[in-house]
Amino acid sequence: MIHTITNTLAGLLYLILFYCLGQWTQSATQLPVPGSILGMLYLFIYLSWRGQVSHRILSGSNLLIDYLSLILIPGCVGIMTCFQLMARDAWVILLTLAITLPFSFCLAAWLLGRLTGTLQPESITPEVGNR
Amino acid sequence: MPSPLLSLSDAKPALLLLTAGVFVLSNLINKKLPCNGLSHPLTVSVLLVIAVLLVSGIPYQDYASANQPLDWLIGPAVVSLAVPLYRNLPIIKPWIGAILLTVVCCLIANLVLIWAITTCMDATDSSRIALSTKSVTTPIALSVNSLLKGNPALAAALVMVTGISGALIGPPLLKKLKINDPRIKGVALGFTSHAIGTQRAFQAGPVCGAIAVMTMILTAIIVSLIVPVIGPFLAS
Chain A
1 MIHTITNTLA
11 GLLYLILFYC
21 LGQWTQSATQ
31 LPVPGSILGM
41 LYLFIYLSWR
51 GQVSHRILSG
61 SNLLIDYLSL
71 ILIPGCVGIM
81 TCFQLMARDA
91 WVILLTLAIT
101 LPFSFCLAAW
111 LLGRLTGTLQ
121 PESITPEVGN
131 R
Chain B
1001 MPSPLLSLSD
1011 AKPALLLLTA
1021 GVFVLSNLIN
1031 KKLPCNGLSH
1041 PLTVSVLLVI
1051 AVLLVSGIPY
1061 QDYASANQPL
1071 DWLIGPAVVS
1081 LAVPLYRNLP
1091 IIKPWIGAIL
1101 LTVVCCLIAN
1111 LVLIWAITTC
1121 MDATDSSRIA
1131 LSTKSVTTPI
1141 ALSVNSLLKG
1151 NPALAAALVM
1161 VTGISGALIG
1171 PPLLKKLKIN
1181 DPRIKGVALG
1191 FTSHAIGTQR
1201 AFQAGPVCGA
1211 IAVMTMILTA
1221 IIVSLIVPVI
1231 GPFLAS
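Sequence lines, in order, name chains A and B.
Just so we're aligned, residue 1 is where the first sequence starts under this note's numbering, counting upward by one.
Just so we're aligned, residue 1001 is where the second sequence starts under this note's numbering, counting upward by one.
Quick caveat, the hints were computed from the structure, so don't treat them as lab data.
Model, not experiment: these values are computed from the prediction.
We treat Cβ as the ideally placed atom computed from N, Cα and C, and that holds for glycine.
With the C-beta cut set under 10 Å, the calculated list includes, among others, these residues of chain A facing chain B:
| hint | residue |
| --- | --- |
| 1 | M40 |
| 2 | Y42 |
| 3 | Y67 |
Could you put the whole structure together from the sequences, leaning on the hints where they help?
Here it is in structure tokens:
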């Protein structure tokens, strides 16, 4: 039990270390990319270089991913601070969603099907063609 | 707003416990309900917390500062996505080029559409930036929006709305188009409705789910590479 907790904490330390590296790169270079994404790329390169995922990193990352919804609650509750802004742009937002969501669904499915040859083109082209 | 519960806002641990308690409760609710975007634990939790804060009159700032420890974990959580990315690579290796090309093309088409609509309808800058990150997973949307000086809270709201509506309309739409390949379904769900779509994709099987996770992560990477560069243009 204690062993598992220590492993998970060590894994978390690794993740925080990579995150800090990413943040540091971002602030040093002023790249227009979030530091967390840079940290993720560093970790990906590290894992590819190691050729495996150590059980420490695995248990640390499983912990964060399993509780991702919990981590995101405070940020999402911030919605309540922008009700007015949302009301001002409600129509734009609704229209954009109503158009782009079905559009990207069909486009993604159709394009991927064509690219990988898993679709009979005629089974879907006419319907997408109307958009 | 005076409130008998206002003294609670001095007790930061209580507000942190509120988040944890609501999370446990919403997971229980999620097990009872049919699985779609609306019953996702995050959706239920956020609605419950907002309801509690509105009823008790506790300002959001108090709640946010009490829950800051959770915010600190968002960055490391993004980093930890490298692990499923690395582990699922063999599953999608034959498709990776096609998936990347699909994500890039669809994203650019989307951004052009969003730019056109928001320009025609004279939207505010923060809505424009927030709309451009609407189909990406919340932690990335938060960091891209704060990088671009947008409104992260609005971005989080739009991400959630997009995720829920994508998971609701997507699968019936694909059925109508007679697309049954789980891999295509996974990519479409992961691209449009991020984590909420991913949860939906796992119902269609592990392959569909794994591909949805991969697509979600690839979309996150590509959005965070493209949107900050064109962001100033979007907001002009």
